[in-house]
Amino acid sequence: MIGIIDYGMGNLHSVQNALRRLGVEYFLSEKKEDLADADALLLPGVGAFKDAMHALEESGMDAFIKSEVAGGKPLFGICLGMQLLFEESEENGLTEGLNLLPGRVVRFPGKSGEGVSYKVPHMGWNRMVLQQPNSPLLQDLSTDYVYFVHSYFVKTEDRSVLLATADYHEEVPAIVGKGHIFGAQFHPEKSSTAGLEILKNFADYIEGRKSDATTKIRTISSD
Amino acid sequence: MLTKRIIPCLDVKDGRVVKGVQFVNIIDAGDPVELAKLYDEQGADELVFLDISASNEKRHAIIDVVKEVAAELAIPFTVGGGINALEDMKKVLRAGADKVSLNTAAVKNPDLITLGSQYFGSQCIVVAIDARYDEELGSWRVYTNGGQRPTDWEVIDWAKEAVKRGAGEILLTSMDRDGEKSGFHIELTKKVRDAVTVPVIASGGAGAAEHFHDVFTEADADAALAASIFHYKETSIMAVKDELRKQGVNVR
Numbered sequence: 004m005i006g007i008i009d010y011g012m013g014n015l016h017s018v019q020n021a022l023r024r025l026g027v028e029y030f031l032s033e034k035k036e037d038l039a040d041a042d043a044l045l046l047p048g049v050g051a052f053k054d055a056m057h058a059l060e061e062s063g064m065d066a067f068i069k070s071e072v073a074g075g076k077p078l079f080g081i082c083l084g085m086q087l088l089f090e091e092s093e094e095n096g097l098t099e100g101l102n103l104l105p106g107r108v109v110r111f112p113g114k115s116g117e118g119v120s121y122k123v124p125h126m127g128w129n130r131m132v133l134q135q136p137n138s139p140l141l142q143d144l145s146t147d148y149v150y151f152v153h154s155y156f157v158k159t160e161d162r163s164v165l166l167a168t169a170d171y172h173e174e175v176p177a178i179v180g181k182g183h184i185f186g187a188q189f190h191p192e193k194s195s196t197a198g199l200e201i202l203k204n205f206a207d208y209i210e211g212r213k214s215d216a217t218t219k220i221r222t223i224s225s226d
Numbered sequence: 092m093l094t095k096r097i098i099p100c101l102d103v104k105d106g107r108v109v110k111g112v113q114f115v116n117i118i119d120a121g122d123p124v125e126l127a128k129l130y131d132e133q134g135a136d137e138l139v140f141l142d143i144s145a146s147n148e149k150r151h152a153i154i155d156v157v158k159e160v161a162a163e164l165a166i167p168f169t170v171g172g173g174i175n176a177l178e179d180m181k182k183v184l185r186a187g188a189d190k191v192s193l194n195t196a197a198v199k200n201p202d203l204i205t206l207g208s209q210y211f212g213s214q215c216i217v218v219a220i221d222a223r224y225d226e227e228l229g230s231w232r233v234y235t236n237g238g239q240r241p242t243d244w245e246v247i248d249w250a251k252e253a254v255k256r257g258a259g260e261i262l263l264t265s266m267d268r269d270g271e272k273s274g275f276h277i278e279l280t281k282k283v284r285d286a287v288t289v290p291v292i293a294s295g296g297a298g299a300a301e302h303f304h305d306v307f308t309e310a311d312a313d314a315a316l317a318a319s320i321f322h323y324k325e326t327s328i329m330a331v332k333d334e335l336r337k338q339g340v341n342v343r
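If you read the sequences in order, they're chains A and B. Numbering-wise (the working numbering), the first sequence opens with residue 4 and increments by one. Numbering-wise (the working numbering), the second sequence opens with residue 92 and increments by one.
Rather than coming from a laboratory, the hints here were simulated on the basis of the structure. Please note: incorrect hints may appear among the correct ones.
[To be verified] Distance windows between CB atoms, simulated:
no. : chain 1 : residue 1 : chain 2 : residue 2 : range
1   : B       : N341      : A       : E28       : 33 to 41 angstroms
2   : A       : N102      : B       : D155      : 41 to 49 angstroms
3   : A       : L133      : B       : E309      : 29 to 37 angstroms
4   : B       : L177      : A       : E93       : 27 to 35 angstroms
5   : A       : L97       : B       : E309      : 41 to 49 angstroms
6   : B       : Y224      : A       : S32       : 36 to 44 angstroms
7   : A       : Q142      : B       : D267      : 47 to 55 angstroms
8   : A       : A39       : B       : K324      : 31 to 39 angstroms
9   : A       : A73       : B       : N175      : 15 to 23 angstroms
10  : A       : V109      : B       : L177      : 29 to 37 angstroms
[Stated by the list, open to error] Below are the PhoX-like pairs computed for lysine-lysine, each with C-alpha atoms no more than 20 angstroms apart in a straight line:
no. : chain 1 : residue 1 : chain 2 : residue 2
11  : B       : K251      : A       : K122
12  : A       : K114      : A       : K158
13  : A       : K122      : B       : K255
14  : A       : K203      : A       : K181
15  : A       : K34       : A       : K69
16  : A       : K35       : A       : K76
17  : B       : K182      : B       : K158
18  : A       : K53       : A       : K158
19  : B       : K251      : B       : K272
20  : B       : K281      : A       : K122
21  : B       : K282      : A       : K122
22  : B       : K128      : B       : K255
A quick note: this is a predicted structure, and the numbers were derived from the prediction, not measured. A virtual CB, placed ideally from N, CA and C, is assigned to each residue, including glycine.
When you get a sec, could you build the whole thing from the sequences and use the hints?
See the structure below:
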């Protein structure tokens, strides 16, 4: 069961609608004791980085997320929730993030290297370039178009965390991940076919880990 | 790079989808939830839902329809009509909309754009502009109240003002072309597109796939909106996109 972290930031309807349509079990909670029982955590988020970190810190949710993840629980951050996984953000003054992935969140300059102006936010449907097609989140996608709305994006030196990128005057990290930590800059719940497939892949990944764990326990007990 | 977006629009009156010609002669076009589902499956890039109910009581009931539609959609969803205050925006966003569209209320009270964009972010605020050519003005005049009331605003001035105040997108309807099916208004769209830094959605006049091609290539619209040609199945979103793809327009 996926626990959606409710910390007062953003639209939680659409992600719940999407999971319901996929038949994936989930619950929404702001309580750490409830979320501790989840098989995986989903960190949504719309709004400003600083406000979001402040909300997480105030409730002690930041430390909780870190300790759950350190204990091996899968985590999926969406949009701002994905940006929060990184070291820091430049939005409204430098703010520290959850520091689970290496990189910094910066604003689109709005001008390309060749001096051509472009629109910020990056809003609309864009194509993913799969950097690590073997990632469990990227299995059997029937299309690679997903829906973005964001003015800030992640810059990272560590390409190993880039699972998929998109081209918008910059190389925009679209799906990031490291071990059991994942994030999507776009909104999977608003990205029609590909988005739903990615959410389903995450749900399947959690199920897969659960059955792996059960097999391990059985093997140990039969020894 | 971003694709050009095709956006079907549901004009909803008392719980039913309706469509008129040049904003009058309104007739029934179906159930909003059914149509929303169909358009999502057909590859719509977004859905716009405009509540054109006459009374406030009927408007209250529309929140339930918004909820039902949102539950069926996995694409961005804009709701407009009768949004006069920050509280109204909260209601529709809470019901599952991703963006709100402001029209008459924004002209009456431009602070609403500022308030909304500060509270929810510019990406949430669409300003819808209905414009009709005005000989006297030598340009297009902005109309409100469902196209019934002329304002003092010239279209470019108002579009710029809306963006300055935080509009994240402009939904531009040519009243001269609305329901005529003779093509989008290229000149009007291009003028507004060149004047603002946010995406412009062209609306009014779609009658065939080539009209979308023209507004994307000649006016560089970011998105194009249509209602009746999709509702009455004169063409489908898929057919329009196939045609655009053939002609080299980047679509999803």
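Starting from the hint list further up, note which numbers the structure goes against and sort them upward.
The structure breaks hints 6, 8, 9, 19, 22; every other hint is satisfied.
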